[in-house]
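Participant: Construct all of the structure, not just a fragment, from the sequences and the given hints.
First to last, the sequence lines map onto chains Y and B. Using our numbering, read the first sequence as starting at -15 and increasing by one per residue. Using our numbering, read the second sequence as starting at 3 and increasing by one per residue.
Don't take each hint at face value.
Said to hold, decoys possible - Here are the simulated SDA-like pairs of lysine to any residue, each with C-alpha atoms no more than 25 Å apart in a straight line:
id	chain 1	residue 1	chain 2	residue 2
1	Y	K345	B	S62
2	Y	K345	B	D51
3	Y	K320	B	N99
4	Y	K345	B	A53
5	Y	K320	B	D47
6	Y	K345	B	P95
7	Y	K345	B	T73
8	Y	K320	B	P95
9	Y	K320	B	R100
10	Y	K345	B	L48
11	Y	K345	B	E55
12	Y	K320	B	D51
13	Y	K345	B	Q94
14	Y	K345	B	A90
15	Y	K345	B	S86
16	Y	K345	B	A57
As the list claims (entries may be wrong) - Computed list of chain B residues with no C-beta within reach of chain Y, every gap over 10 Å:
id	residue
17	H34
18	L84
19	S86
20	Q94
21	R112
22	D120
23	K121
24	D124
Worth flagging that the hints you see were computed from the coordinates, not collected in a lab. Backbone N, C-alpha and C define an ideal beta-carbon position, used for all residues, glycine too.
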Amino acid sequence: MSADSAAGASSASLLRTPLFERHRALTARLVEFSGWEMPVQYSGILDEHRAVRERAGLFDVCHMGEFRVEGDGALDFLQRLVPNNVARLADNQALYSQILRPDGGTLDDLIIYRLGDGRYMIVVNAGTMQKDWAWFSEHAASADQLTLTNISAETGLIALQGPRALAIIQPLTETPLADIAYYHCQPGAVAGIPCIISRTGYTGEDGFELYCAAEQAGGLWDALLGAGKAEGLLPAGLGARDTLRLEAGYCLYGHELTEEITPLEAGLGWTVKLDKGVDFIGRDALVAEKAQGLRRKLVGVELTERGVPRAEYQITQQGETVGALTSGGMAPTLGKPIGMGYITSGETTPGATVAIEIRGKSIPAVIAPLPFYKRPRS
Amino acid sequence: MATDDQPANLKFAPTHEWVRLDGDIATIGISHFAQEELGDVVFLDLPWDDAGERAVQAGSHFGDVESVKATSELFAPVGGALVSVNEALRDQPELVNRSPYGDGWMLTLRVSDPSELDKLMDADAYAAFTNESH
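Facilitator: As structure tokens, then:
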């Protein structure tokens, strides 16, 4: 066997979340992720993936970044920075959007919460937090009536995802969780710990993301793990987080979204409001791309023969390279090999046959619609 | 197939394959240490179609094992004629994790030169070897 399989984190200069010692105590396998020492798995990626789909899983996402944007100028400032329409947010409502370069390329994808009039919280990816903060700060310099605060270091974030998530959290809070609609939140307390309870997630299941003070994240984690024990709640790491979001067809920044890729190419046109009445950074580029036709298109791919598709593998049609995968793997719930990638010059219709080049062999596949997996609705 | 899970009578390669010799038939798989490093095995690429037809050189690349997070090459710890390949691993790759020395066996070879096993590590040497690198 070659020596370069799952390597453990060994650098002492990696960042650690407030939950690090708990991961160690749970004998999690730790790896480097975006400069952080994070759990990739505890009991096993497949085990954790199944727990989330069937019961619930608990994720440490403290490494993500959070900014507060406040003041009378906050809405206008945000409207100029993101393609989605921030003005349509009611209090305690959230939206998914991006920040773009002037050429339309994606700097990061993010979630914007309206916590109140002139009070917003932005949640960004861990690996791009510094870049995003510099971008926000640079553009805030010329903005009026605006206070920008980087609250990443003082904010903890724990995600509890799965069909039993609500049942597990409800006994710990007086907030009626069933009244929080998807992509909405409520300030409240869980296990006595004040937090923003958000009905959001990255797994394709129902679930909640809880924002609390960083120094209280440990207590919150312990309380949730204890409360979920009888329901079969498992701690889940970054490995399962990736297999879950891939089945759900969600983009991962650095893979389906990069500075070279526009949200239109990534199939995120539904988050882009060209006619919201405010010129946002990148708008001209997106208008032009829409008029001229997309340079590339995100597709789902399913192998029809055995193999494991992975990022960077070439997509071919009739022996010609037409694109490349940006993510891939064996889907644990679907039981088949799937991938996401970009086609730059070929057929993108679901059902069209393609091949994926795996170690010099062309493995037959088909274009598949996204998402691959949709949770059963009661 | 034997389901001996005790590695005491096995020899190990530094690339984490093990060999058990019964007469002139060598059974080959990957170690407990290897499957643990890999995590959940989801796919194996083995020479299923070549059983009975091929010579395998010691040290040659005979297949690939894929886990959720990693792809790893497999190297023959000894050489010989390929006798059989574990069909169960086509649909149950997880056998490699569950029973790396038993049901997760990968190949059997009729060894051409049994003295090749002398170059490999015994269980104690392999245990020390894996402790050193971690």
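Participant: Against the structure, test the hints numbered earlier, and report the numbers of the ones violated in rising order.
Facilitator: none
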